[in-house]
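Visitor: What follows is the residue order along each chain.
2 protein chains.
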Amino acid sequence: MSEAGEGTSRYLARGASATKDDVHRAIAGLEKGLFPSAFCKVLPDVLGGDPDFCNLIHADGAGTKSALAYLYWKETGNTDVWKGIARDSVVMNLDDLCCAGATGPFLLSSTLGRNKHRIPGDVLSALIQGTAEYLEELERWGVVVHSGGGETADLGDLIQTVVVDSTMTARMPRSGVLSNHRIAVGDAVVGFASHGLCSYEAVPNSGIGSNGLTSARHDLLDQRYRELYPETMDPRVPKDLCYSGQLLLTEDLNTLLARELGLAPTQEREGLDFGRWFLSPTRTYAPLIQALIQDLGVSRLHGMIHCSGGGQTKVMHFVGNANIIKDNLLPVPPLFELIRRQSGTAWEEMYRVFNMGHRLEVYLPMELAETALQWGRHFGIQCDVIGRVVDGPGGLQIKGPEGWLTYPTHLA
Amino acid sequence: MSEAGEGTSRYLARGASATKDDVHRAIAGLEKGLFPSAFCKVLPDVLGGDPDFCNLIHADGAGTKSALAYLYWKETGNTDVWKGIARDSVVMNLDDLCCAGATGPFLLSSTLGRNKHRIPGDVLSALIQGTAEYLEELERWGVVVHSGGGETADLGDLIQTVVVDSTMTARMPRSGVLSNHRIAVGDAVVGFASHGLCSYEAVPNSGIGSNGLTSARHDLLDQRYRELYPETMDPRVPKDLCYSGQLLLTEDLNTLLARELGLAPTQEREGLDFGRWFLSPTRTYAPLIQALIQDLGVSRLHGMIHCSGGGQTKVMHFVGNANIIKDNLLPVPPLFELIRRQSGTAWEEMYRVFNMGHRLEVYLPMELAETALQWGRHFGIQCDVIGRVVDGPGGLQIKGPEGWLTYPTHLA
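Taken in order, these protein sequences are the chains called U and V.
Going by this note's numbering, the first sequence opens with residue 27, and the numbers climb by one from there.
Going by this note's numbering, the second sequence opens with residue 27, and the numbers climb by one from there.
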C-alpha cells in the first residue's frame, strides 16, 4: 500500500491494520508451501503421507467484532449475537480455505480467551452452542465441518472482554488446489455480494463480514458508549478516535437508514435494530464455491479471492504481472456509505479497509463469466462482472463513485 | 473441586481458573468423541475416511505467561523470552496430544493477537522465528511438527499486550489411541519431573510450565510492577491481589534462592536471573512419551496425564471408580516453595493450581514401572513411582509435606 495511505490512516491510529506491514516482514523468511499463490499455505500430506494429497491448516477469528457484540449484549441482554460471533469465527477460516480449492470435510477447533469478570458462562454457552448449531446448518448446504472441541482460557490480565478464534484443517488432492498464479490477462472478475439476503440466510446481511470492525465500530457509534464501556477501547488510542459517530445500536434500522441516507423502509429490515444488522454474521460463500468448483473445475477458475483484510485490494498480494481494473463494482451497501459519511474517510481508504459490496471475487476466462453468474443467482447472491485483468506492470484501478482510485501491487 | 476451595481461592479472585466449572457446564452437552477417556477428543478419520484411523485437533496457548514475558522484556529489552513463549504455546498442545497416544507427524498453526501499540514487529518476529526454531529442535528428537503458518491479528480494543495460541492436528491409527479408561486398581503412578535440566534442555527448568502463571506472577513479583505495567493487570482485580510479592525479575537467581530458601548456589543456575528461570519454557515430554509408547505399547500404558490446568488433581477428570493415592511425590521444586511462602497459599490449593514437581504422570501395571523409570533416566528426567491406584469409590489423596490432602473426583 502507499506510505501516504498508511501514515494518515485512522484505521492505523486505532491500532488496527489493513496492511499488516510488520507482520509481513516478520513472516518474510518462512517457507511458502507447495502452491505459493494459493489463498492459504498448502503443505505436503503430513497427515496421510500420500504424494498426491496435501494438507491445509488455517487460523482466524471474529476479531474486534466481539467488542461490538459485547456492547450490544450489555445494552440489550441478547445473547444470540454471540452465536453470530461464533459463525464469524468459523466463516473467516472456511471461506479462506474454500478459496484455495478445499471443499471439505473440514476439522475445526475453537479458541476462546475471556475476561471472566466480564464474560459469564452463558456467553460461553452461546459461543459454543452457536458453533455447534452453525455446523449443523452448514451440513444442510453440503459443507461438512467436524468440531474437535477447543480451548477456553481465562485471561483477565491479557483480555478486556473476549477473543473468539478458530482453526480449521483440510486434506485434499493436490490436483484440487486452486492457485491464483493462473490469473491471466483477459480474465473477467466476477464479484459476489457480501450483503442482502441470500438463499441460505434468514435475515438481511449488512455485508460487513469480520474485517474493518475496529474502524466501523468507532466511526459509527455514539460517544455515549465511550463512558459506558471503556473495556471495549484501547486506552492507548486518543479518546476522540473512540466512538466518534452518532448512531445507537438499539435504533430501528429502517428509521435510521431513512434519516441518514434517505432510504425507503423495506419489509426485510422491519423489526431489525441497527445493532443486529451491524452484527450480521459474515456470509459464507462455501456452498457457492463448491458449486463453482464442481461445475467448472479448478483449472478454469484462475483465481479466487476472499476480500477480507485489505478489502478490495486483497488481490494485490497475488498478482504482480498484470493490471486489475474494477470498473463495474456492485452498488456500495448502505452500511459502508454510513461509515464513509459518519467518518469522512476517503474512498481510497474505504476500499482498502472494507469489502465495499463483495467479499468474494472469482477470476476466470470471460466466456465462463455467465456460468459463474448463474451460480450466484442460484444462491440468491447479487453478482456481476465487476472488472477484468489487463496487460500492465501490476497494479489495481478501482472506479469508485467519485472517480478512479489507484493501488500498487503488494508483491515486491 | 470442593466449593470451599473455589470460594476462597485467590486464583479465582484474580479471574483465572484451575477448575473451569462454567466452561465444563458450557460444553456439557457436546459430543465426547470416539474415546471419551482419552486425554484429547478423538474424531473419526474426517480427513482420510479410513475406519481404522482417527483425527485429533487441539488448541491451547501460553496463557498469561505472555504477561510475564512482557514484564521481563520491558525491564531488560531481551526478546529471547518471546521465543520461550512460542515454545510454551507449542508444548501445551504437543504434550496433550502425546498423552492421547499421538506420536506425529503433527500439523501446527499459530494464532497471535496483539495490541499493536505495545507489541512491535520485533516481538512478532521473535514469536514466529521462535516457533520455527523450536520445530527444528523437536525434529532432532524425533518429534515431527510441520507449521502451516498462522494468523496475527491487531486487536488493541480486546488485548492489552499479546495472546499466543496454537492449534495442532494429528491423524493416527485408532489402535494407537491411549485411553485413560484402562487405569485400574493395582496400577503404579510414575511421575516425571517438570524441573531440573533434562538431556534435551539447555538451561535448568523451574518447572512452572504454562499453568498457574496468573497466581504465580502476582504472588511472587514486587508491587513496583503494579505502577510500572498496569497493562499486565486486569483492572477488575483488587489492587492488593496484583503483584503482592517481593521479588524482582532481574535479581541473580542463586542470590535470591539463598536468601529466600537457604539454598546453596549451583553452577547450573550461575548467570541466570530470576526472571529467565521463572520464564523457563514448558518442558515437553514428547520424546519420552514416544519412547514409552514404542517400548511398552499403548495397551500396557493404562493412563497418561498431562498435569496442566488443575495441577495434581487433573487425573480426577478421568477416574471415578478407583482411588488414587500419591504418597511419594518428587520433592517440591524451589519455585513452588517460593510461591507458597510469598503468598501463604494452602498446600491444598497449591496442588490444585500447580504441577508441584511433575507435569507428566503415567499409569501402568506395577511390574512395568521400572521400565518407565529407565526411560525417564535415559532422558535425564527425575522420576519415581509417586503413587498407586487402589480400590475405592473415586477420589485422590496426596501426601504433602505437612500431611494428607483429599480431593474428590471431577466425574459426576
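Since the hints were derived computationally from the structure, they do not count as laboratory data.
Accuracy of the hints is not assured; some may be wrong.
Note that the list lumps identical chains together, so a pair holds whenever it fits in one copy or between two copies.
Taking lysine to aspartate or glutamate pairs in the DMTMM-like style, the calculated list, with each CA pair at most 20 angstroms apart, reads [as the list claims (entries may be wrong)]:
no., residue 1, residue 2
1, Lys58, Glu159
2, Lys425, Glu257
3, Lys425, Glu159
4, Lys100, Asp353
5, Lys100, Asp148
6, Lys109, Asp48
7, Lys425, Glu396
8, Lys425, Glu393
9, Lys100, Asp417
10, Lys46, Glu257
11, Lys46, Asp148
12, Lys109, Glu396
13, Lys109, Glu253
14, Lys109, Glu57
15, Lys58, Glu162
16, Lys46, Asp417
17, Lys46, Glu159
18, Lys100, Glu294
19, Lys265, Asp76
20, Lys100, Asp78
21, Lys100, Glu165
Visitor: Determine for every hint whether it applies to the structure shown.
Guide: For each hint, the structure was consulted:
For the identical chains of this complex, Lys58 and Glu159 are inter-copy neighbours only, at 16 angstroms across copies versus 35 angstroms inside a copy, given an alpha-carbon limit of 20 angstroms. Within a single copy, Lys425 and Glu257 get their C-alpha atoms no closer than 39 angstroms, and across copies no closer than 44 angstroms, so neither meets the 20 angstroms cut-off. Taking the shortest alpha-carbon separations for Lys425 and Glu159, neither the intra-copy value of 40 angstroms nor the inter-copy value of 46 angstroms comes in at or below 20 angstroms. Neither within a single protomer nor between protomers do Lys100 and Asp353 lie at most 20 angstroms apart by alpha-carbon distance, with minima of 42 angstroms and 49 angstroms respectively.
In this assembly of identical chains, Lys100 and Asp148 lie within 20 angstroms of each other by CA distance solely inside one copy; the values are 13 angstroms within and 37 angstroms between copies. Taking the closest pair of Cα atoms, Lys109 and Asp48 come within 20 angstroms of each other only across two copies (18 angstroms); inside a single copy the shortest separation is 32 angstroms, beyond that limit. For the homomeric pair Lys425 and Glu396, neither the shortest alpha-carbon distance inside one copy (22 angstroms) nor that between copies (75 angstroms) is at most 20 angstroms. Neither within a single protomer nor between protomers do Lys425 and Glu393 lie at most 20 angstroms apart by alpha-carbon distance, with minima of 23 angstroms and 77 angstroms respectively.
For the homomeric pair Lys100 and Asp417, neither the shortest alpha-carbon distance inside one copy (52 angstroms) nor that between copies (50 angstroms) is at most 20 angstroms. For the identical chains of this complex, Lys46 and Glu257 are neighbours neither inside a copy (24 angstroms) nor across copies (23 angstroms), given an alpha-carbon limit of 20 angstroms. For a Cα distance limit of 20 angstroms, the shortest separation of Lys46 from Asp148 across copies, 13 angstroms, qualifies, whereas the shortest one inside one copy, 34 angstroms, does not. With identical chains, the CA atoms of Lys109 and Glu396 are never at most 20 angstroms apart, being 36 angstroms at best within one copy and 51 angstroms at best between copies.
In this homomeric assembly, Lys109 and Glu253 never come within 20 angstroms of each other (Cα to Cα): the closest approach is 27 angstroms inside a single copy and 38 angstroms across copies. In this assembly of identical chains, the alpha carbons of Lys109 and Glu57 lie at most 20 angstroms apart only when taken from different copies (19 angstroms versus 36 angstroms within one copy). Proximity of Lys58 to Glu162 under the C-alpha cut-off of 20 angstroms is restricted to the inter-copy arrangement: shortest distance 17 angstroms between copies versus 33 angstroms within a copy. In this homomeric assembly, Lys46 and Asp417 never come within 20 angstroms of each other (Cα to Cα): the closest approach is 28 angstroms inside a single copy and 59 angstroms across copies.
Within a single copy, Lys46 and Glu159 get their C-alpha atoms no closer than 33 angstroms, and across copies no closer than 23 angstroms, so neither meets the 20 angstroms cut-off. Taking identical chains as interchangeable, the C-alpha atoms of Lys100 and Glu294 are never at most 20 angstroms apart, the minima being 26 angstroms within one chain and 53 angstroms between chains. In this homomeric assembly, Lys265 and Asp76 never come within 20 angstroms of each other (Cα to Cα): the closest approach is 55 angstroms inside a single copy and 57 angstroms across copies. For a Cα distance limit of 20 angstroms, the shortest separation of Lys100 from Asp78 qualifies neither inside one copy, at 51 angstroms, nor across copies, at 48 angstroms.
In this homomeric assembly, Lys100 and Glu165 never come within 20 angstroms of each other (Cα to Cα): the closest approach is 32 angstroms inside a single copy and 48 angstroms across copies.
Violated hints for the displayed structure, listed by number in ascending order: 2, 3, 4, 7, 8, 9, 10, 12, 13, 16, 17, 18, 19, 20 and 21.
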